[in-house]
Amino acid sequence: MTERLVVIGNGMASLRFLERLTERASGRFDVTCVGAEPVAAYNRVLLSSLLGGEVDEAACTFRGLDWYAAHGITLVTGAPVTVVDPGARIVQVGEGLVLPFERLVLAVGSVPIRLPKPGMDLPGVITFRDLADVAAIRKAAVAGARAVVIGGGLLGLEAAVGLRRLGVDTTLLHVMDRLMERQLDHAAAGLVRDAMEARGVRVRLRADTEAVEGEGRVERLRLTDGTVLPADLVVMSVGVRPSTALAAAAGLEVGRGIRVDDRLETSVPGIHALGECAEHRGVTYGLVEPAYEQAEILARHLCGEDAAYAGTTLSTSLKVSGLPVFSAGLVDVPEGAEAVTWSDPAAGLYRKLVIGDDRLVGAVFVGDVGEQGWCKTLIRTGDALAPGDRDDLMFGRAPPRPGAAHPLAA
Amino acid sequence: MNLHVPALGPEADPVRTTCPYCGVGCGVLARPDGQGGASVAGDPAHPANHGRLCSKGSTLGETLSLDDRVLHPAIAGRRVGWDEALDAVADGLRRTAEAHGPESVAFYLSGQLLTEDYYVANKLAKGFIGTPHVDTNSRLCMSSAVAAHRRAFGSDTVPGCYEDLDEADLLVLVGSNTAWCHPILFRRMLDARTKRGTKIVVIDPRRTQTGEEADLFLGLRPGTDTALFSGLLVHLSDHGALDARYIADHTAGFEPALERARQIAPDAAATARATGLGEAEVGTFFALFRATPRVVTAFSQGVNQSAQGTDKANAIINCHLATGRIGTPGTGPFSLTGQPNAMGGREVGGLANMLAAHMHFAPEEVDLVRRFWSAPRIITGEGLKAVPLFEAIERGKIKALWVMGTNPAVSMPRADRVRAALGRLDTFVVSEVAAGTDTVRARNAIVLPALAWGEKDGTVTNSERRITRQRTFLKAPGEARADWWILAQVGRRLGHAKQFAWPTVAAVFREHAALSEFENRGSRDFDIGGLADLSDAAYEAAAPVQWPLTRKAKAGERRLFASGGFYTRDRRARFVAVQKPALADATSDAFPLRLNTGRVRDHWHTLTRTGKSPRLSAHRAVPFVEIHPDDAARAGVADGDLARVRTPHGAAVLEVTVTPGAQAGMLFAPMHWSEANTSDGRVGALAQGAADPVSGQPELKATPASLTPEPYRSRGYLITRAAVPAPHGWWWARAIVEGGSGLIFASQEGAAEAALLMRELFPEAAFSEYADPARGVYRGAAFRDGRLLGALALAPAAERPSWEAAKAFFRTQELLEPPARRALISGRAESAGSGPLVCACHTVGLDVIRGAVADGARSVEAVGAACKAGTNCGSCIPEIRELLAAALAPSPA
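Residue numbers (the working numbering), protein chains in the order written: chain G, 1 to 410; chain Z, 1 to 893.
For reference, chain G alone in the conformation it holds in the complex (with noise of 0.2 Å):
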């Protein structure tokens, strides 16, 4: 008899997680899955794009519904569940849906989060996690807006450069001292600036913001430092939190995520999690890479494989407005370590190696982010470096050597 698996949440996890699946265990089980947004899994990497008008929105989708259906899974789109019973293994969507399963898969990501100010439940004021809050920006975004994006993290960037891409007079405020905190140090961080304010995005450090104002809606936005940005829109972008909410309510352990072992499961036996909303040996991720490593490991768990999950090298690969930014591992170097840095602003390029103990610890590159790969190989593996290994991470390995193809000796 086929099992029933319910997977809530359709998003870049869990449709990652059914195509290995359903490629591995075809009809194995009986798949449901329940998403709260109204359409299909799409890219959700792309939405800056989708906001500054590099893409449209038929770029973003990955799998039509008829994908879903030819491989026998029931997809429920623009329905939250709101009820989790382990004991009565059942799920509640809704107001009337009840779904058994066998096996539960929690891939329900992460909700933005917004700054406990004044004024943040202002019309005008917008996160930006999905594809709702792009149609609401853009539609904010007439020409001669005027917005303000909080938050230089990656999103915040990329929120502000779409911004800038549509016409819009844009500032980036952030409140630590450089952009990218967690995954540039400050030489890259610069760099990364520059190329934001190279596109006209104003950048400010240092802002905390006091209050968002207006009289009905976004009309400006004060720090603390007693600065007034006048503002008709206002996206936030702090972060975000891993959706917990329903879990706990089942009496899922959970503590800044849902908790989960190697295998993804969770402290009750046959629900799992994944993706954003899973806490795996205490981290929550962020990012698309280990929801899709976290995807096929449960997918090959599932279909009985001995898989399992040691956590993923926390990496960011990524570009800023047409700059590659790369950064891995640790980015401040920690006692004890050393750094090796190759730095040419006036070229838009920096590369940082963390090393300890002879090995890779730490990787940073903007502008060029060619060995990446290898760096990622290296911080995993913890392989002590070969002579010659610092120089080639930097620079690339070296061409072989001309010898009988000289050009004056031809």
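Hints are computed from structural coordinates only; laboratory data are not their basis. Incorrect hints may have been included.
Now the in silico label distances, taken between C-beta atoms and shown as ranges [unchecked claim]: (1) G:382 - Z:729: 37 to 43 Å; (2) G:135 - Z:813: 49 to 55 Å; (3) Z:787 - G:332: 46 to 52 Å; (4) Z:798 - G:114: 55 to 61 Å; (5) Z:813 - G:213: 54 to 60 Å; (6) G:53 - Z:729: 55 to 61 Å; (7) G:373 - Z:660: 46 to 52 Å; (8) G:382 - Z:660: 45 to 51 Å; (9) Z:856 - G:397: 26 to 32 Å; (10) G:373 - Z:629: 43 to 49 Å; (11) G:397 - Z:729: 34 to 40 Å; (12) Z:660 - G:357: 40 to 46 Å; (13) G:338 - Z:856: 46 to 52 Å.
No residue lacks a Cβ here, since even glycine has one placed at the ideal position from N, Cα and C.
Chain G is fixed; fit chain Z onto it per the hints.
Just chain Z now, with coordinates in the frame of chain G:
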């Protein structure tokens, strides 16, 4: 920018002139490029070189910039007009002579001066100021050869000519790195080997590139040449190889000389013991010499720069006289002179032990010259030679000195003392071209701007007695004037208007020629009466000619003495009974090694000229010391390390080159570097002043020395567009690179200090920087608007970062694209680098030559066909041959 003005239009024919470097005296065709430089080519019509030029000659065009030129007179650093400067010189000389006697005035001249300049200086000093203290840097160069010639021939006569090198069957090179120091003659020798199978024997304590090319290399112990040639004389005598008729008809003193030789080296075994050679190789050499009638023994500084240099040369000459191998095609002893006009200086008598025109101090000679010059204060005896001359300055006996065209603060033995002594002078005049020399900087001198090569006009004489014109093809820059003119102006100011009234340089030459034939009647070898009536136009057009050239002769003499006719009273040559060889100073526990000094292939003297050429500066960029592997191991130094070389006279810090070509116990260091281009590489300061008792030439090549490691934390290079002073505490050497000025350095600093230095050097710049502080590695480049301003690399000393790749990025002033910026900082070439320079003429690097060999080139000719290396001057051919041998050798099992 300050540029030369060409003296002729671009459409004009090239100017025929003479190379200003070594004594080979190659003809050069020069054509100004209109941008301050000139293109140069060998003159096919010149008999010295038949169109060839060596690496130094080929790059003369790169040395003509007016950077670092003296362009106007100055007194103690204050710019003055010519009148004030000349008045100051005349007043200084007059006051000194009046207060302390004329002998408190001295002149120190140079083999770089033209004959006419030399003539006027000699006349002014010896006839009108009345001081005999006129010496020249030729004292350091070939005065032992001069003395040996005079002892043997009664005159300073080179008996043969360059054609003898073409026509000999055996060439014996003694103390001569001909391949590097007289490359064009060496090409002639190699051609002779190809054409007629000429054997080449090289006798040198150091296995130089010349030694590498030899059919037989005799690596004798330093200073034992006299024993070898004494043994040879005995061998020739004992094996019936003497020319009894020649000895009987044209010589005197054979028996005592042979007896002395027999005491020194009675047979081959004794010769081997005395020289440290194997008996078999000694025997091979003796037999070869005995059996080969056509033999030329060419000798250079290894013979001359010795406290027994005159004896060494006479031991050689003895063997030629004894076999009658002199003055006939393909034979003779042959002194290869080091400077372009050492011979011209000898001809005018510009040395302390000569009066004028190959005349000395016999009363009739003094009277002759006095009458010819109408000289009020003719001198009557020898003056002080270079070493005692500077000692007299140190002691305060000489109070006024005029240095012309030489850099004694670098090139003299015990150079630190010489430099200090200059500070004691009341009047110090320097006629110079280069502004930054250690001599100019040594004191607040009266500096007079002289003309440089390409600007000046006159004659020079090469090693085969050939007088050739040096001609003007660039206008005099700034206020620079001819040396003869400057001297004549001072002569007039001293009250001798009539005797210093020449209107043209040709008039000076005519007077010089007239003196040579004045009451000569065959009594003196030097007679160029045939040129005494040259019109200005004929002088301008004069073709190269050999002396003697008497008024009656149709052409100059190619060879002398085949039938005797020596310039002794009895017209017989003299055999010289030489002394048993012994070096001036013994080694000791404190100084267990011996320091030999010399030149490198692509540099000349104290770098004031070759140092301006990026190509010439590429071959050897830092001052170095060669050491045998065993000595290196004992001293605890490895190839590329820095080491402090000490002698009782001074110390220098040099880069170690470990080579089996060095004899155990011997060091070799080039003498080119000075305070102007290195922190700690003044090798002249290390050399002893012990001089040959006859010639007064100091023993520059065998000073007892020690060597100890000089560890530094980091090594690196700094290249900037314009020269910058090296930071305090660095060991450094400066070399010009294309589009910039480079410093190769060692320091106790790390990556952080390097990054700080870059910010000090380039306060407004944008930087591209690679830093690995934990490993002590830093590479940085400074840009303004995308254009490269400078680059610095620093690494742990053992890594010695090479600047070959980085140098390439300075060739252009254009924007550097990102791949180039990356390549510069990566320390890797953007495209394939060509490796360390081997062929300076065609700028071909080691890697390219290796590539050609890998592609199938199996001979020097094939390498040349593939990449042009070695096809011009050929001085890199020995290096190419070594590369071929290494590449083609069967790899050890």
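Going down the list of hints, with the structure as the test:
1. Restraint check, residue 382 of chain G to residue 729 of chain Z: a C-beta distance of roughly 41 Å satisfies the suggested window 37 to 43 Å.
2. Distance hint check: the CB atoms of residue 135 of chain G and residue 813 of chain Z are about 54 Å apart, consistent with the given range 49 to 55 Å.
3. For residue 787 of chain Z and residue 332 of chain G, the Cβ-Cβ distance of about 35 Å falls outside the hinted range of 46 to 52 Å, so the restraint is violated.
4. Checked against the given bound of 55 to 61 Å, the beta carbons of residue 798 of chain Z and residue 114 of chain G, roughly 59 Å apart, stay inside it.
5. Between residue 813 of chain Z and residue 213 of chain G the beta carbons are some 56 Å apart, a value that agrees with the proposed interval 54 to 60 Å.
6. Taken as a hint, the range 55 to 61 Å holds for the pair residue 53 of chain G and residue 729 of chain Z, whose Cβ atoms sit roughly 60 Å apart.
7. A beta carbon spacing of about 48 Å between residue 373 of chain G and residue 660 of chain Z agrees with the range 46 to 52 Å that was offered as a hint.
8. Distance hint check for residue 382 of chain G and residue 660 of chain Z: the Cβ-Cβ separation is about 46 Å, which falls inside the suggested range of 45 to 51 Å.
9. Taken as a hint, the range 26 to 32 Å holds for the pair residue 856 of chain Z and residue 397 of chain G, whose Cβ atoms sit roughly 29 Å apart.
10. For the pair residue 373 of chain G and residue 629 of chain Z, the supplied restraint of 43 to 49 Å holds, since their beta-carbon distance comes to about 46 Å.
11. For the hinted restraint 34 to 40 Å between residue 397 of chain G and residue 729 of chain Z, the CB-CB distance of approximately 37 Å keeps it satisfied.
12. For residue 660 of chain Z paired with residue 357 of chain G, a C-beta distance near 42 Å keeps the hint of 40 to 46 Å intact.
13. As the Cβ distance of residue 338 of chain G to residue 856 of chain Z is approximately 47 Å, the hint placing it in 46 to 52 Å holds.
Going down the numbered hints, you'll see the structure goes against just number 3.
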